[in-house]
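Participant: The opening residue of the sequence shown carries number 1 in the numbering used here; numbering runs sequentially from there.
Hint data in this document are derived by calculation from the structure and do not stem from the laboratory. Don't take every hint at face value.
What the hints assert, rightly or not - In silico lysine to aspartate or glutamate, EDC-like type, Cα no more than 20 Å apart, as pairs:
#, residue 1, residue 2
1, Lys-219, Asp-208
2, Lys-206, Glu-157
3, Lys-83, Glu-44
4, Lys-192, Glu-133
5, Lys-192, Glu-28
6, Lys-62, Asp-82
7, Lys-219, Glu-28
8, Lys-176, Glu-157
9, Lys-176, Glu-280
10, Lys-85, Glu-59
11, Lys-61, Asp-82
12, Lys-219, Glu-109
13, Lys-219, Glu-170
14, Lys-3, Glu-13
15, Lys-62, Glu-77
16, Lys-206, Glu-109
17, Lys-176, Glu-109
18, Lys-85, Asp-15
19, Lys-206, Asp-137
20, Lys-192, Glu-157
21, Lys-83, Asp-15
What the hints assert, rightly or not - Label pairs and their in silico Cβ distance ranges:
#, residue 1, residue 2, range
22, Ala-164, Asp-82, 37 to 45 Å
23, Leu-276, Glu-113, 55 to 63 Å
24, Thr-66, Ile-289, 55 to 63 Å
25, Asn-269, Gln-224, 39 to 47 Å
26, Ser-56, Ala-9, 19 to 27 Å
27, Arg-234, Lys-4, 54 to 62 Å
28, Lys-4, Ile-230, 37 to 45 Å
As the structure is a prediction and not an experimental result, all values here were calculated from the model. For every residue, glycine included, the Cβ atom is placed at its ideal position computed from N, Cα and C.
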Amino acid sequence: MQKKLATVAQLAEFDTIIDVRSPGEFLEDHLPNAQNFPVLSNEERIQVGTLYKQVSAFEAKKLGATLVARNIATAIERGFVDKPKNWRPLIYCWRGGQRSGAFTHVLREIGWEAHQLGGGYKAWRRHVITQLETLHDQFDFRVISGATGSGKSRLLETLAAQGAQVLHLEQIAAHKGSVLGSLPDQIQPTQKGFDTLLFAALAHLKADRPVFVEAESRKIGQLQLPETLINALRRAPCLRLQVSLDARVDFLLEDYVYAINDTAWLASNIERLHSLQSRETLTRWNQFIIDGEFR
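Using the sequences provided together with the hints, build the complete structure.
Facilitator: What follows is the structure, encoded as structure tokens:
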């Protein structure tokens, strides 16, 4: 049966996007809304790769084919058996090779209009990088700045609730952007995952309306913002919030309640300021934490 290839530009034409890479590869990054049906598990992928290096390509392919066939059958039973005949899935792997090719072939033999993503995830990654270089140029950014605790994120959320266009970088990064910004119930995405989320957020914005965004440094937690986006924000009009010290303290106590409730975590993270503050200052702050003095 003839191989059917699709491009990144055609993603919206398909009912389901299926990532057949291992769970570890999927966790690092994947196409938006993709579902993971791995043809090789993390352990199986290592097993096949080791056999390839230490024994032979032939033995590795025998084992790989056995595992892939079994896992494709399981995927069909668990995920696709109820799909109608006109279902159109798009399948991809790392580079559009044998893993997605085998999966696509089986689905097409059944009768579904399955397509393989040409170039696989690597094609998607190239697309994201290229788009992040220039996509921001079309937007009219309004940058909200202000001291820590001035309510910048609160303002963004209020604007979004009122229908304004907002690019909430800290929300995308799962980090508040400060020394104490890591969230106890969330893990930051990988850099590749963040890039994909950022691209998806930008792609949903309208160029004919202003976009409000919080002023950020080059990094939010462990994640790097694209340099071109940083430069675009620096050129944009800036709205600075002026908030009283008492109000800032109130905001911070509300926004960082998780830190107050975990004083060991708070003290540990305060130590990360050792290059900016004297030992005397850090000792005094730690005593405040012990005494519960947060005002």
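Participant: Confirm or reject each hint.
Facilitator: Taking the hints in turn, this is what the structure says about them:
Distance check on the hinted pair: Lys-219 and Asp-208 sit about 28 Å apart at the alpha-carbon level, beyond 20 Å; violated. A C-alpha spacing of about 18 Å is found between Lys-206 and Glu-157, which places the hinted pair at or below 20 Å, so the restraint holds. Restraint check for Lys-83 and Glu-44: the C-alpha separation of about 28 Å exceeds 20 Å, so the hint is violated. Distance check on the hinted pair: Lys-192 and Glu-133 sit about 15 Å apart at the alpha-carbon level, within 20 Å; holds.
Only pairs whose Cα atoms come within 20 Å are accepted, and Lys-192 paired with Glu-28 is accepted, the gap being roughly 7 Å. Taken as a hint, the Lys-62 and Asp-82 pair is broken in the structure, with Cα atoms around 30 Å apart against an allowance of 20 Å. Proposed proximity of Lys-219 and Glu-28 is supported: the alpha carbons are some 19 Å apart, at most 20 Å. About 14 Å separates the Cα atoms of Lys-176 and Glu-157, which keeps this hinted pair within 20 Å; it holds.
Between Lys-176 and Glu-280 the alpha-carbon distance is near 27 Å, which puts this suggested pair outside the 20 Å criterion. For the hint linking Lys-85 to Glu-59, the alpha-carbon distance of about 36 Å lies beyond 20 Å, and the restraint is violated. This hinted pair does not check out: Lys-61 and Asp-82 have alpha carbons roughly 31 Å apart, beyond 20 Å. Straight-line distance between C-alpha atoms of Lys-219 and Glu-109 comes to about 48 Å, which puts the hinted pair past the 20 Å bound.
This hinted pair checks out: Lys-219 and Glu-170 have alpha carbons roughly 10 Å apart, not beyond 20 Å. Distance restraint check for Lys-3 and Glu-13: the Cα-Cα separation of roughly 17 Å lies within the 20 Å cut-off, and the hinted pair is therefore satisfied. Taking the CA atoms of Lys-62 and Glu-77, the gap is about 23 Å. The hint is violated against a cut of 20 Å. Between Lys-206 and Glu-109 the CA atoms are separated by roughly 41 Å; this puts the pair beyond 20 Å, and the hint is violated.
A hinted pair counts as satisfied when its Cα atoms are at most 20 Å apart, and Lys-176 with Glu-109 does not qualify at roughly 49 Å. As the CA atoms of Lys-85 and Asp-15 are separated by approximately 12 Å, the hinted pair is consistent with the 20 Å bound. For the proposed pair Lys-206 and Asp-137, the alpha carbon gap of about 12 Å is at most 20 Å, so the pair holds. Among the hinted pairs, Lys-192 with Glu-157 is inconsistent with the structure: their alpha-carbon atoms are about 25 Å apart, more than 20 Å.
Note on Lys-83 and Asp-15: the hinted pairing holds, with a Cα-Cα distance of about 10 Å set against a maximum of 20 Å. Range check, Ala-164 to Asp-82: Cβ separation about 41 Å, and the 37 to 45 Å hint holds. As the Cβ distance of Leu-276 to Glu-113 is approximately 59 Å, the hint placing it in 55 to 63 Å holds. About 57 Å separates the C-beta atoms of Thr-66 and Ile-289, a value consistent with the hinted range of 55 to 63 Å.
At roughly 21 Å, the beta carbons of Asn-269 and Gln-224 sit outside the given window of 39 to 47 Å. Distance hint check for Ser-56 and Ala-9: the Cβ-Cβ separation is about 40 Å, which falls outside the suggested range of 19 to 27 Å. In this structure, Arg-234 and Lys-4 break the distance hint of 54 to 62 Å, their C-beta atoms being roughly 45 Å apart. Judged by the Cβ atoms, the range 37 to 45 Å given for Lys-4 and Ile-230 holds: they are separated by roughly 40 Å.
Checked against the numbered hints above, the structure breaks hints 1, 3, 6, 9, 10, 11, 12, 15, 16, 17, 20, 25, 26 and 27 and satisfies the rest.
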